[in-house]
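Enquirer: Got chain R; can you put chain H with the ligands on it based on the hints?
Chains as they are written, first to last, in our numbering: chain R, 1 to 421; chain H, 1 to 384.
A portion of the hints provided could be inaccurate.
Okay, the calculated bits of chain R under chain H, using three or more residues with CB under 8 Å as the criterion [what the hints assert, rightly or not]:
id: 1; segment: 78-92
id: 2; segment: 162-170
id: 3; segment: 357-367
No farther apart than 30 Å at their CA atoms in a straight line, the calculated lysine-lysine pairs in the DSSO-like style are these [what the hints assert, rightly or not]:
id: 4; chain 1: H; residue 1: K26; chain 2: H; residue 2: K193
id: 5; chain 1: R; residue 1: K377; chain 2: H; residue 2: K116
id: 6; chain 1: R; residue 1: K81; chain 2: H; residue 2: K332
id: 7; chain 1: R; residue 1: K288; chain 2: R; residue 2: K74
id: 8; chain 1: R; residue 1: K74; chain 2: R; residue 2: K377
id: 9; chain 1: R; residue 1: K415; chain 2: R; residue 2: K288
id: 10; chain 1: R; residue 1: K280; chain 2: R; residue 2: K81
id: 11; chain 1: H; residue 1: K116; chain 2: H; residue 2: K160
id: 12; chain 1: H; residue 1: K332; chain 2: R; residue 2: K74
Derived by calculation from the structure, the hints in this document are not laboratory data.
Glycine included, each C-beta is placed from N, C-alpha and C at the ideal position.
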Amino acid sequence: MAGAVTERAYQGRVHEESRRLMTAWMGELGRAEAEKRVTGAIMISGNCVELLRACHVLPMFPEVTALQNAIRHKSLPLILKAEQVGYSSDNCAYVKADVGLVLEGGFGPGKALPFPNVIVCNYVGCNVYVKWFEHLADISGGKLFMLDVPFARTDAPSADDIRYVVRQLEELIQLCESMTGRRFDIDELREVLALSARAQDGYARCKHLTKHHPAPFDSYFDSINMMGPINVLRGTPEAAAFFDAAVAEFEGLVARRLGPLSEERFRTVIEGPPPYPFYKSFRNLFTKWGAVAVQSTYSTVGGIWEFGFRHDPRRPLESIAEQMLRENLTNRSIVARYAQIRRYVEDWQADALVIHSIKSCRLFSAGQGDMREYFIKDLGVPTLLVESDLEDPRYYAEAQIRNRVDAFFEALEHKKLVATR
Amino acid sequence: MTPEILVAQYRDLIAEPLSAVVERWKRDHPGGRAIASYPVWAPNEVIHAAGMLPLSLLGGGTSVELTHADARFQSFVCSIAKSTLELGFQGRLAGVDGLVFSNICDVARNLGSIYKRNFPDTFVEYLHLPQNSTSASVVPYLASELRRLAAGFAAAFDLKVTESALAEAIDAYDALRARIRALYALRIAEPQKLATTELYTILRAATLLPVGEATAALDTLLAAFAARDARPRDRLRVVVEGAFCEQPPLGLLEVLEEAGCYVVEDDLLLGWRWFTADVGGDGDPFERLAWAYVNRAVPSSTRHESREHRSVGLIEKVRRGRADAVVFMPAKFCEPALFDYVLMKQGLERAGVPHMLVEFEEKMWTFERTRNEIETFVESMLFD
Ligand code: SF4
Ligand code: SF4
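One chain only, chain R, in its complex shape:
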């Protein structure tokens, strides 16, 4: 291997601003009980946060809580707590970490994280969501609303699918009105959607900037800074402004030909969620090889914005329905994801695909061996598959993963050398 590659240790405004905005949101949640604000739990995938916002329901995201605890290395005791009361070691650990937090007394009435008043299960692909929110409703006594979004199984969402989701959105509005005591104003929703579309525009532009060589940021490891604002804070002026600033910052890096590493040797696409308990060490495995993710599927769980879809304030409920039905990763089949990844590999000029297969999430992972077959055998794309978990540190075998990553990039480097001779 040639000279060592290092991280530029660039944090930049994007990182700081994201942290500031997310902390402010957590603060709002912490004050919600005292301020008698209605809170609503919702899932990240293909969410309709704009609707809650327009209904004056403060959104909360159990997945964000789970991932924050994992990043802070707090997830294992919480998972074990949940397993003690009967959760299986084979169940999605996101759920267990959140249940464990309740059992530990860190989530509930009077805590920094209050129980939600309404529990909106946006069932967008993930079947575990249904279970998770049933359990959350059982524990918290919050009102559960099942927002059933038909899975993508036709070329485009049918009129029947859209009608079904829109009708449920109307029923959700009625429920929110009854909880907040405020009348819903469709024009307010249009304003929220316009702000949302601006954030979507910015996020999409950032993601297209990684087509440059070098890519100005890592579209897997650094995208996390943008995923909070795009998935949680969408529809606020702050999120829209955040992405305007992010675009400017990344454009500046492109102009100066700066990327996240001292040198970009390999361009990868990464599929699957990250191992949050070992975020930094996992990243280091790739840094060492000068491997930068120029695209990732995980960054599209909330919505796929880089291919042009935007919420349309002129068709508020319909466009929310369309986004939930189709314009996100989780409501599409795994094989449809192959096409998304293929486009990433081709248009972003990636050298390789890295699949991070995680035990918790069958939605992402079940069948990734087939994905690997497709990319290696049908397309000839060098593909690495490693396994661990996004929440449960017990499944992260550092030495084993390192060996596989090293062997993979060594082979890739060799291939490059041969090709340039």
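Expert: Chain H with the ligands only, in chain R's frame:
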């Protein structure tokens, strides 16, 4: 023919690959087509109304060695998903014209599309069955989904589903389900007359027979079992819960009975007895079927019901079956069963119903440890 002989024949039938079942049926029905559905529920009525043979697609059981599928599905995925894909690779679904999957879990969801990618010539349909049980729009939505399935048959096979054919199919399956309910009622009343291994074998065979033939056979069997001479034994009456998708090996059901249990209720092959009463009604048959799916469904771990807590249906089964305990029997790695286990167990504890947990895999072949655990549980209950 005695019921014992018929059950023995059915044991052979359910051990056959679907390709053999279909080949035999197609010999008698030249030009006929067959559609197999993955658990839990599929609208067999629509398949039947299109003039095709509806079948169950229940994985490879103990018979299939994985040679291709384990490279595609990881170690943490349930066995039925892998073995179902393997059936395709090994040609054991030859002659089956189409497969139907639905949104029971994330694994089944991925399996449907991966199957299609690997076998592009097979008709594969994925149904999104509603999880909202109360919206004003849910019945029209599901009716549209059933019509979409029918339209898929028309496009792929040039087979139309007329309203009158669908109405007749609903009647035919209502008749079959009524017989199944009667068998279940008989087992509750006199479990000594009908072993669960027998009931399961019969029911599973019914998922491989034309509906009329299955109904007639069940009539015969019902009469024969009711007339059986058998003395009640001192056994623990249990409800088995969690085995709604991957199939427990027959040996496991045998062990459960040998260890001293009467299974009086269960969720085996649930999709084939999905409705608590006849679909019935009149008017648009697509709407009727959809309405019944939402409003007359048995409790199931794969369907959200916002009108009652997870444990209510199970407690009702305990009450109806006059059961002493519940044996949770989830397949290894089965996400919906394992999640529901927690809420159901808590509900049972509140209601004072004892329970135990027995995980299984379709390919499990030694049962000694399980036998010991069940025996200990039974003894602790019977001699308490
Ligand atoms: S299964 Fe995957 S998408 Fe679903 S809650 Fe778990 S981690 Fe999230
Ligand atoms: S056994 Fe469970 S996890 Fe596996 S396909 Fe069936 S329902 Fe899904």
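Enquirer: Which numbered hints does this structure break?
Expert: 4 and 8
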